[in-house]
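Chains as they are written, first to last, in the working numbering: chain A, 14 to 326; chain B, 19 to 217.
If you are wondering where the hints come from, they were derived from the structure by calculation, not from laboratory data.
Please read these numbers as outputs of a predicted model, since none were measured by experiment.
It is possible that part of the hints are untrue.
Residues from chain B that face chain A, not an exhaustive set, calculated with beta carbons under 7 angstroms [to be verified]:
1) Gly90
2) Gly92
3) Ser159
4) Ser177
5) His200
6) Ala204
7) Lys209
We put the beta carbon where it would ideally sit given N, CA and C, even for glycine.
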Amino acid sequence: MRDDKPPLGPIESGQLPLVKAPDSIWSSILASLDEDRAPVRRGTHWWVLAAAFSLASAVVLWLTIRPKPPSWEVSRLDGAPSVGSRRLTDSGRIAVGEWLQTDASSRARIGIGEIGSVEVEPNSRVRLLAAKPNEHRLALDRGEISAVVTAPPRLFFVDTPASTAVDLGCAYKMKTDESGSGLLSVTAGWVALEWKGRESLVPAGASCRTRQGDGPGTPYFADASEAFRDALAAFDFQKGGSDSLRVVRGEARVRDTLTLWHLLSRVGRDERVRLLDRMVELMPLPQGVSREKALDLDADTLGRWRQELAWKW
Amino acid sequence: MRRLMNWQVNQSDRQVSAGIIEGCRQGDRAAFHALYQAYKDKVYSISLYFFQGDAAAASDATQQVFLKLLTGIGQFRGGSEFSTWLYRMVVNTCLDNAKAGRRRARPTDDAVLQRIASQGSAEEELARAEIAGKVQAALSSLPPKFRLPVLLRYFDDLSYGEMAEALNCSMGTVASRLHQGHKMLAEKLAKLRGVAAGR
């Protein structure tokens with residue numbers, strides 16, 4: 014089936030004409046690409062330019078031919094962040110194994126190979142763990158980062174003491190405090206939080222707490238009610254049990270089926286029945302999703318159900 | 019330093035050469051422009067019909083897709099996976115923009131869609147252009163999860179596997195959504211043809 018072409022359907026040729034993209038789009042793209050170019054200085058003597066060009070060429074040649082350890086580009090945004098023992102004054106590189114540290118008044122941006130960038134907020138400490146074509150990996154020891162990634166999924170990873178954030182094509186913020194606990198907030202796309210076989214899938218507009226020793230909690234939408242969020246936190250990290258789940262079910266809206274779906278595999282059978290009943294009240298079971306198989310936590314069934322629910326998330 | 023090369027993308031088989039990818043990765047703007055020229059109209063058209071004729075939304079989405087493409091193109095080495103990856107970006111960008119409310123859902127503008135239908139077809143009969151506009155309105159009335167697979171199938175010759183990757187779902191789900199989308203469209207179109215025949 015993989016290589017088969019689906020049928021074309023009832024739309025006849027010409028009824029969906031190809032529309033020419035306006036020329037202004039390319040102009041806008043060029044403007045975005047040219048934004049960071051520095052202006053050419055006038056009045057410089059030609060021999061100064063020639064000497065500078067020759068020197069630059071020699072340096073580039075030397076840099077090109079010598080073997081380089083894997084590293085990413087780093088630029089200073091505010092203050093004076095440090096890479097290893099070096100203060101960063103403008104831009105530099107962070108090699109695999111090195112730490113980048115910011116104090117209360119400094120920030121930095123790390124280029125994730127050629128697939129995106131990470132902004133490192135004040136009072137943060139991150140380490141470059143891998144810089145390979147199929148694995149780009151940072152460790153966030155403490156503090157906060159904001160990541161924007163444009164790449165196929167599962168190329169960029171951030172390890173924290175309480176989970177690993179796996180990029181699925183997205184933008185997000187990640188915070189970790191001194192105790193190793195943290196908060197992930199996704200602004201575009203999806204992120205998977207993984208830890209010891211447990212996985213939380215977090216879409217845009219949603220967040221997920223993490224706690225060292227417990228791993229990722231249950232994802233929730235940031236606009237869920239305060240009672241919902243408090244009860245969920247109690248269930249995830251304070252053994253809130255049935256009382257917490259009662260509040261979660263009662264406060265849930267259609268889009269909070271994100272949370273309820275994740276909870277299905279984190280509770281016993283009796284609670285699972287109550288969760289499923291509440292989910293069906295909010296959104297009927299789609300065709301092809303069996304109630305019994307869902308209660309049995311059949312992976313295919315839960316996957317299909319999630320794909321349908323995700324249209325409302 | 020720009021390389022003076024005349025890049026061409028062979029659209030008939032949707033294969034993007036490793037040379038074009040490498041050119042884009044090296045910052046060769048001519049290579050990127052060739053890639054843009056090859057896919058811009060499809061990307062724009064899919065976005066335009068997804069956003070129900072909203073040209074500004076479609077332009078925004080198209081610009082974002084190609085800027086993201088240039089940022090991430092270093093990960094690809096050419097081959098058939100390129101268009102799948104491109105359309106995945108189109109799908110994600112359209113859905114993210116719609117979800118973020120950057121372009122709020124608005125009633126389908128039949129007049130806009132009729133103008134699209136009659137573009138470049140000055141000789142077409144008015145009735146046929148009107149029907150075409152209503153076809154597009156019928157498509158626009160589909161929920162996004164059915165609209166996107168129909169658009170991807172119509173505008174490019176993707177297989178089940180390629181559509182599954184672009185839509186980030188299983189092939190079974192692709193088949194199901196296309197079937198339901200086509201069925202809903204057929205019902206709406208049957209009514210329209212009945213109306214047209216009765217004129």
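Hints versus structure:
The restraint placing Gly90 (chain B) at the interface with chain A holds, with a minimum CB-CB distance near 4 angstroms, inside the 7 angstroms limit. Hint status for Gly92 (chain B): holds, given a least beta-carbon distance of 4 angstroms to chain A, under 7 angstroms. Checking Ser159 (chain B) against chain A by beta carbon gives a least distance of about 14 angstroms; that is not within 7 angstroms, so the hint is violated. At its closest, the beta carbon of Ser177 (chain B) sits 5 angstroms from a beta carbon of chain A; the interface hint therefore holds under the 7 angstroms criterion.
Here the hint on His200 (chain B) is kept, as its CB sits about 4 angstroms from the closest CB of chain A, short of 7 angstroms. For Ala204 (chain B), the shortest C-beta to C-beta distance to chain A is roughly 4 angstroms, which falls under 7 angstroms, so the interface hint holds. Taking 7 angstroms as the C-beta cut-off, the interface hint given for Lys209 (chain B) is violated, the closest approach to chain A being about 12 angstroms.
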